[in-house]
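Number of protein chains: 2
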Amino acid sequence: MATLTDLHRLRVDPGDALDLPDRATQIDLPGDPSKDQIEAELDGLRRRIGEMQDVMFTRREQALLVILQGMDSAGKDSTTKAVFTGVNPLGIHAASFSVPTPLERRHDFLWRVHAQVPPLGCIGVFNRSHYEEPVIRRAHGELKNGEMKRALRQIADFEQMLAESGTAVLKCFLHISRDEQRERLQERIDNPLKHWKFDPSDLQERQYWVDYQTAYSQALGATSTPQAPWFVVPSDRKPVRNLIVARLVVQALEALKAPPPDRKPELDGLKVV
Amino acid sequence: MATLTDLHRLRVDPGDALDLPDRATQIDLPGDPSKDQIEAELDGLRRRIGEMQDVMFTRREQALLVILQGMDSAGKDSTTKAVFTGVNPLGIHAASFSVPTPLERRHDFLWRVHAQVPPLGCIGVFNRSHYEEPVIRRAHGELKNGEMKRALRQIADFEQMLAESGTAVLKCFLHISRDEQRERLQERIDNPLKHWKFDPSDLQERQYWVDYQTAYSQALGATSTPQAPWFVVPSDRKPVRNLIVARLVVQALEALKAPPPDRKPELDGLKVV
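Listed in order, the protein sequences are those of chains A and B. Residue numbers for the first sequence follow the numbering used here, beginning at 9 and rising by one. Residue numbers for the second sequence follow the numbering used here, beginning at 9 and rising by one.
Certain hints may be false.
One copy or two, either will do: identical chains are not told apart, so a pair holds if it fits within one copy or between any two.
Unchecked claim - Computed cross-link-like contacts, DSS-like style, restricted to lysine-lysine with a CA-CA straight-line distance of at most 27 Å: (1) Lys202 with Lys272; (2) Lys272 with Lys157; (3) Lys265 with Lys89; (4) Lys43 with Lys205; (5) Lys89 with Lys202; (6) Lys89 with Lys272; (7) Lys43 with Lys246; (8) Lys246 with Lys279; (9) Lys265 with Lys202; (10) Lys205 with Lys89; (11) Lys202 with Lys43; (12) Lys202 with Lys279; (13) Lys205 with Lys246.
None of these hints come from the bench; they were simulated from the model.
Kindly generate the complete structure, drawing on both the sequences and the hints.
So this is what it looks like as structure tokens:
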């Protein structure tokens, strides 16, 4: 198995003719750390994410939007929990996007996600996102190539606008193998405590596996930009997946270089009575 | 100083003729635990809150709304951070209410808070709330007694509706002394790293201290109901305040008795291919 030498190896290059089946769903970390060592590093990264959000909050000039996509059972919920539990709830807003409501269907597909974008000073996490609609429809053959391209151009424009407005965008595709998905869905069936997570439609969608991989390859390749890059995160092993996403988030927050809060000289010598 | 023997001693009884100046802003915990001991207990409570929210999330039949009110610098933000950092961000929604926007002013005063109520399965935290509007206006003499009573009746009706719809409501008044507020505001002036928190209007509002205590006494007394009780949390000492709020939250979540997720018999023997 390949070893992760540099997070940038996971990035999708702008304009890349990406083929997801060529990308690893499993990867070794340098030094092959134990589960405990990974958990210890993750713990430190969680704390660091919380601290950096605290600083970002004082000026409210920047925000970070983390978009998580992946096939069913890829671990979007668990990753959110593992990476972001440790951020002050006042500074984070996580949004899940499910099947659109009738009202949402009467709007353009970016409308409902735009409403959930984090305010400056905060971290936003999208559990699924505006990528769902075009990717699902494309995988089911409901979207012609020209229509798909148009939707992806609209997405790229939208994300560019966010970046230009102070919101950095980090996109993680949690990449699992078809075998790994089978095991995870089976576990949801075999373990009664996980029945609540099981959705019969997951089995139907699984039949479109190849079509989804193709549609996602097109989507990721067309929308990975310097201001809103995609990373393909090997996600068959959960602790490795969590650690990689946490490192990517830390890297994205560090790139913001959020300055410490301003001193206000007008407060000098003021006494409260 | 009094010792906290039972959380229920902090509760405001329904219809109570409450006078906040009679309530303690400092309290001793039994056994007088050290700061480290308090932090260790808080750590366990945070974990417990996260676990109970996880269970509540599986059925999405219940929610908990925690409302934090208090004079400026009482610690609404810090309490949110101390008590709720540890909940999966997908299962918590914290909302801060500041000066109403022009659009919000064109709506009834419950409109903007209703929009932020947690969905079933989640914990909501209100940092300030629908109590601000009537209390501020009453303290400034802009609301006659009859108008105040009407607003409080509307609040009680609203909270009853929430409770009847599956959302338990827990309300904490973070109670500090006037001296403690002076010290905290002065610290925001003297410490440049805290300048961003300082709002000159806090000094103006401080002049209405007695009027605020009276308005809050009326509000808490009139709206503490069995389904949406108020607790007056002694908050001059921050670790004690955090611990009491965390205990109240655990108690409120335990009272929900959220059952574990349902088993779905129709999944028996299903095999994923």
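Okay, the hints, checked on the actual structure:
1. Lys202 with Lys272: between (53 Å within a copy, 10 Å between copies)
2. Lys272 with Lys157: neither (49 Å within a copy, 41 Å between copies)
3. Lys265 with Lys89: This pair counts as both: shortest intra-copy Cα distance 25 Å, inter-copy 23 Å.
4. Lys43 with Lys205: Only inside one copy: Lys43 and Lys205 sit 25 Å apart there, 41 Å across copies, limit 27 Å.
5. Lys89 with Lys202: Answer is within; shortest intra-copy Cα gap is 17 Å, inter-copy 30 Å.
6. Lys89 with Lys272: Classified as between; 25 Å across copies, 37 Å inside a copy.
7. Lys43 with Lys246: within (10 Å within a copy, 36 Å between copies)
8. Lys246 with Lys279: Only across copies: Lys246 and Lys279 sit 23 Å apart there, 54 Å inside one copy, limit 27 Å.
9. Lys265 with Lys202: Between copies only: 19 Å across, 41 Å inside.
10. Lys205 with Lys89: Result: close within a single copy only, 15 Å intra versus 29 Å inter.
11. Lys202 with Lys43: Intra 23 Å, inter 39 Å, cutoff 27 Å: intra-copy only.
12. Lys202 with Lys279: This pair counts as between: shortest inter-copy Cα distance 15 Å, intra-copy 58 Å.
13. Lys205 with Lys246: So Lys205 and Lys246 pass the 27 Å test inside one copy only (17 Å; across, 39 Å).
In this structure, only the earlier hint numbered 2 is contradicted, and the remaining ones agree with it.
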